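Chemist: My request is simple: use the sequences and hints to build the entire structure.
Line by line, the protein sequences give chains C, F, G and W. Residue numbering for the first sequence follows my numbering, beginning at 1309 and increasing consecutively. Residue numbering for the second sequence follows my numbering, beginning at 1309 and increasing consecutively. Residue numbering for the third sequence follows my numbering, beginning at 1309 and increasing consecutively. Residue numbering for the fourth sequence follows my numbering, beginning at 1309 and increasing consecutively.
Please note that the accuracy of each hint is not assured.
It does not matter which identical chain is used: a pair holds within one copy or between any two.
[To be verified] Under the rule of at most 30 Å between Cα atoms (straight-line distance), these lysine-lysine pairs were calculated in the DSSO-like manner:
| # | residue 1 | residue 2 |
| --- | --- | --- |
| 1 | K1310 | K1619 |
| 2 | K1444 | K1498 |
| 3 | K1444 | K1538 |
| 4 | K1470 | K1617 |
| 5 | K1310 | K1617 |
| 6 | K1310 | K1444 |
| 7 | K1498 | K1538 |
| 8 | K1470 | K1498 |
| 9 | K1538 | K1516 |
| 10 | K1310 | K1470 |
| 11 | K1617 | K1444 |
| 12 | K1470 | K1538 |
| 13 | K1498 | K1619 |
| 14 | K1516 | K1470 |
| 15 | K1538 | K1310 |
| 16 | K1444 | K1619 |
No lab work stands behind these hints: they were computed from the structure. Source: prediction; values computed, not measured.
Residues per chain are reported as follows:
Number of protein chains: 4
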Amino acid sequence: MKAVRLHQYDQRPAVEDVPEPQVTDPHDVIVRVGGAGLCRTDLHIVEGQWASRAGVELPYTLGHENAGWVHEVGSAVEHLSPGDTVIMHPQATCGLCRACRAGDDMHCSGTSIFPGLNTDGGMADFLKTGARAVVKIDPRLQPADVAALADAGLTAYHAVKKASPLLYPGTTAAVIGAGGLGHIGIQSLKALTPAEIIVVDRSEPALKLAQEMGADQSVVADGNQVERVKELTDGQGADVVIDFVGERGAENDAWAMTKRAGSHFVIGYGGTVNVETIDIISTERNVVGNLVGSFNDLAELMTLAAQGKVKLHTQTYPLAAVNDAMDDLDGGRLQGRGILVP
Amino acid sequence: MKAVRLHQYDQRPAVEDVPEPQVTDPHDVIVRVGGAGLCRTDLHIVEGQWASRAGVELPYTLGHENAGWVHEVGSAVEHLSPGDTVIMHPQATCGLCRACRAGDDMHCSGTSIFPGLNTDGGMADFLKTGARAVVKIDPRLQPADVAALADAGLTAYHAVKKASPLLYPGTTAAVIGAGGLGHIGIQSLKALTPAEIIVVDRSEPALKLAQEMGADQSVVADGNQVERVKELTDGQGADVVIDFVGERGAENDAWAMTKRAGSHFVIGYGGTVNVETIDIISTERNVVGNLVGSFNDLAELMTLAAQGKVKLHTQTYPLAAVNDAMDDLDGGRLQGRGILVP
Amino acid sequence: MKAVRLHQYDQRPAVEDVPEPQVTDPHDVIVRVGGAGLCRTDLHIVEGQWASRAGVELPYTLGHENAGWVHEVGSAVEHLSPGDTVIMHPQATCGLCRACRAGDDMHCSGTSIFPGLNTDGGMADFLKTGARAVVKIDPRLQPADVAALADAGLTAYHAVKKASPLLYPGTTAAVIGAGGLGHIGIQSLKALTPAEIIVVDRSEPALKLAQEMGADQSVVADGNQVERVKELTDGQGADVVIDFVGERGAENDAWAMTKRAGSHFVIGYGGTVNVETIDIISTERNVVGNLVGSFNDLAELMTLAAQGKVKLHTQTYPLAAVNDAMDDLDGGRLQGRGILVP
Amino acid sequence: MKAVRLHQYDQRPAVEDVPEPQVTDPHDVIVRVGGAGLCRTDLHIVEGQWASRAGVELPYTLGHENAGWVHEVGSAVEHLSPGDTVIMHPQATCGLCRACRAGDDMHCSGTSIFPGLNTDGGMADFLKTGARAVVKIDPRLQPADVAALADAGLTAYHAVKKASPLLYPGTTAAVIGAGGLGHIGIQSLKALTPAEIIVVDRSEPALKLAQEMGADQSVVADGNQVERVKELTDGQGADVVIDFVGERGAENDAWAMTKRAGSHFVIGYGGTVNVETIDIISTERNVVGNLVGSFNDLAELMTLAAQGKVKLHTQTYPLAAVNDAMDDLDGGRLQGRGILVP
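Modeler: This is the structure in structure tokens:
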């Protein structure tokens, strides 16, 4: 089969023939890939930023945002059948540790694999993963349409779900960053909560799109964004601030926009949160970390997708054009998420 | 009556005769003071640090940790009678805003008073406050024994109560700072949760006392405290870290001791929390602000006190000896909390 | 002023002149009534069903679902001004007991009044209540449009809010009874949760209206309603069943429609819940009581009304036509809720 | 090896030689049994009450409360090693459905086994189960001491854990039934909550033992138990009532003892809960179902056992004496739980 193989760091991957994966463990699942999302993390993998952390041996196949149809299952897999439409949670977890048993996949303390990062991924005709990572979805969903929800979308949804108990009628959620994650975040907020949504971004077209997706107010990040959010919230700030940027000052804005007794959710990264303890305690505010999401979160997001409540802008490329897609992503020419279709 | 009056900033208060407070509003309550806690904040008030923030006109009476017996009530007060043993929540809140109605007194957005800070306090024979601030307690409790729970104790209890849903059997709570608040924190942890408690402090006698109060493990803060807490927690850190110090490096230790997916509770202040966003998200940890506590929190803490589950070390002084007490506090000679008894 | 006065049980009230209410307590609020909802409970009051329970002396003024504009406030009321558009929580609570302080108004253990039930109500030009019962609302809302949300709407919203943490994407809420409360329930479910909503009622026109308000599926209560709900839920039943009927078999249907590990919310009454303990434990299901709602709940519902997310069908009558309105209600000729407008 | 085999319903099991179980699936775990609890359910199994429900083919080995040491593991089991001290969750679940992934083992919708009920159990030298059912415990715990916590203890702990957020200082928990489950319930309440505990039972010696285990008050169930509990709670009833009996009137007492806005937890069964909907809504009380517990619950209970916070009274019998043990249980001569030791 064809696969996007990384042979050397700092050198673009090649599309080449490799043997199809085979079922070797009773819990293995082989998926015929319908779409593999291209993510900025893939560029970082190529640059070698993950080399030491992932500890993977080259060459290997990229692709950690995968959806498709079940092709073959191991002998112990009873809940999936060939032909089922599926999306893959990025991490195939142990299912045995306390975290897995509490539905907290990202904190699995056992043995887990992350295809596309530390083993062969989904930019290929077929992908092998473990049964615990496979979410069965509505057969009317097209894998190429939803693949990018597997990681980017899941991350946004997870943070919104954690924030949702704080967002009753009359509260405000400020979303910093109206890119791919931000769009899923806004749509998830709309689906899960009655909060008023303020979106903050540098780009006016991005803000316009955000409003089409449900944002109630938009604020241009022109240097006055904190004041503007305060004006829109009676001088108080937002009950919840969800920061999809996390660098270049957004991380400071996020805290400054957070209302007394409110919470600042960190998702984007690169910067540093720096707050005086007296500022934390005198206002009783919180900083909340967020990391991808659980299998059940992904299943819920797929329900929203099947109900038409969450949509993703995508641009498809044939597998063979992976490097065009990477060029477009790197060059800022990609509108929405890039999806490789085998 | 006698009262501890502050006439000028940077000059010690004087004990002098003033008129007894009178009921002027139907919701007023006059309390015969049984004990008024002396707190480091009182030293800061004398130094003028609160001058601009409190906006109080001098002279006025100090004392914001008060307990005693009801002396007289306004016409609208039906739930209190002269002779009732009571402790005062430090803030007499409006009872009308959303925060008050959600049991979140410290975020009252209406008109509230803070006796001893922005109006006459309890270092006197009598104190006037509002009915909403008065907690009726078990008559077997001595006001002088519990007065310091009104603010310091309440702050510790509130943080522990917020942390308690995270502390199931098998988890660990690390307490940084085994002083007055730390002691209440440890006893509250013991009463409310089955968590293993590790206490961290520079002083070996303080650690010894902490163990008597229920700490399971103690760690001397000698520079290796983070490593030591990690050793005691299988290299993971504590599920919850409650930092009663918040300065001089404790705020960094607190974060470093916090387990993946855990929470760092900030109570002490003076320092700065400084964490990279990648560190926040890759471990999904939280920083949680804490501010005093609610009226219901104080009532619960008084139940624990009546049940003998929470005790406070105190040293009493007659009202006239307020400056000796301040000298002892300032000079580090005060064991436990100082209580002025009229 | 004009007021609807009940002089004798089992005899219709009369509209007559009475003196305007006066501020006598510093926390009193006099409201110029803009709309007073007519409720089946008013018929029961006239019939004398509440005589012993309410303990009110006749004659008195009916009306417990009231909205209007502030006319005059007592000396201690700072957060309201004449002209403010307001709706009244049915119970003016003490603000001092644990329940009030935990935002749980309906379980106030202090002294509270319930205008229209145990003291003069709002079917009049002016109403006197306590400051704690007054919710300030968006001035663009018309009191006559929202008055019936004060009690009936609040009850539906409160139950939905309690159920909302159970209703993530992919879950189902079944609503039994598509009348006035049911409509608010459906709209509240839509605003607060992503659940699929199944509505069950005997009347096809009521079901049609329910679908316009957001129900995803409708089931005619023709004897096969339990089977039909099971069919619509893969044979499992609904995660949450909200029973606005509570009698004539609906209370049994509600339990039978509840999924394993799900919850049956009781709101309507008249019947009896009768379930074997082995049935409760082997499926781990719950029966959840619901009683009106809190002040904060009402404020949230008013936010939804101001945002256009919750609407009520009403039919207005002049105050003088109270008995026509009662006839229409009694005779089943009232579409939506009847509102008396002074 | 020796095993307790049931050959025919209504006929006592025989102890006989059978082949040792073998690893056939990569996730299999073979445990050397250290103790197998004897439970009233075993008598019911022998009587054939579970015949149709369990659908097991005779003969098979009894025993569903098992603890011991790992003997051999399948090729995919990495987190367990021969020699590990372990206790078995009664249900070996699929690990793939939403319930398993939410830590809700008892509502597993996939394929699961229940050794001792629907496949060979642990009254034998060796037991085969799935890796997902095996809880690794402190090696200082003796399997024979804790085996009965696997099912009976877990059921009590699970209910207490669900109730614990309702039990803050000043609240009361009433426990009906001071038998084996009740004892674990009382100790768990003591470990997890600061609630005052009232225990209700017919037997004075049982009440005495309950007080040694931490009950604060005891009430003889002599017909006045509801009034007595009300007297002990200022006429209000208990915030939480945990009914370990569920029949012969206890189920009615439980509801009648439950405070306004409180919750009645059903665990014991046999009777019927019968409450008018008006009674449910006018007091806003709840009835809460409870079914065994989760794997994580069992792990937490084992932590409490290792910390000495939960102890069980047991009486051991050699495997060969299974019928003596059954006679003693049936004849009411068994003090504490009976444990078979191979």
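Chemist: Evaluate each hint against the coordinates.
Modeler: Here's how the hints hold up against the structure:
1. In this homomeric assembly, K1310 and K1619 come within 30 Å of each other (Cα to Cα) only inside a single copy, at 29 Å, whereas the closest approach across copies is 57 Å.
2. When the C-alpha separation of K1444 and K1498 is checked against a cutoff of 30 Å, the pair qualifies both within a copy, at 24 Å, and between copies, at 26 Å.
3. When the C-alpha separation of K1444 and K1538 is checked against a cutoff of 30 Å, the pair qualifies only between copies, where the shortest distance is 22 Å, while the shortest distance within a copy is 43 Å.
4. In this homomeric assembly, K1470 and K1617 come within 30 Å of each other (Cα to Cα) both inside a single copy, at 18 Å, and across copies, at 24 Å.
5. Taking identical chains as interchangeable, the C-alpha atoms of K1310 and K1617 are never at most 30 Å apart, the minima being 34 Å within one chain and 51 Å between chains.
6. Taking CA atoms no more than 30 Å apart as the test, K1310 paired with K1444 passes inside one copy only; the shortest distance there is 25 Å, against 44 Å between copies.
7. For a Cα distance limit of 30 Å, the shortest separation of K1498 from K1538 qualifies both inside one copy, at 21 Å, and across copies, at 29 Å.
8. In this homomeric assembly, K1470 and K1498 come within 30 Å of each other (Cα to Cα) both inside a single copy, at 14 Å, and across copies, at 19 Å.
9. When the C-alpha separation of K1538 and K1516 is checked against a cutoff of 30 Å, the pair qualifies only within one copy, where the shortest distance is 21 Å, while the shortest distance between copies is 43 Å.
10. In this assembly of identical chains, the alpha carbons of K1310 and K1470 never lie at most 30 Å apart, being 39 Å within a copy and 52 Å across copies at closest.
11. Proximity of K1617 and K1444 under a CA criterion of 30 Å is satisfied intra-copy only: 18 Å inside one chain copy versus 33 Å between copies.
12. For the homomeric pair K1470 and K1538, the shortest alpha-carbon distances inside one copy (23 Å) and between copies (28 Å) are both at most 30 Å.
13. Taking identical chains as interchangeable, the C-alpha atoms of K1498 and K1619 lie at most 30 Å apart whether they share a chain (12 Å) or sit on different chains (19 Å).
14. For the identical chains of this complex, K1516 and K1470 are intra-copy neighbours only, at 26 Å inside a copy versus 35 Å across copies, given an alpha-carbon limit of 30 Å.
15. Proximity of K1538 to K1310 under the C-alpha cut-off of 30 Å is found in neither arrangement, the shortest distances being 53 Å within a copy and 46 Å between copies.
16. In this assembly of identical chains, K1444 and K1619 lie within 30 Å of each other by CA distance solely inside one copy; the values are 18 Å within and 38 Å between copies.
In terms of the numbered hints stated before, the structure departs from hints 5, 10, 15, listed from lowest to highest.
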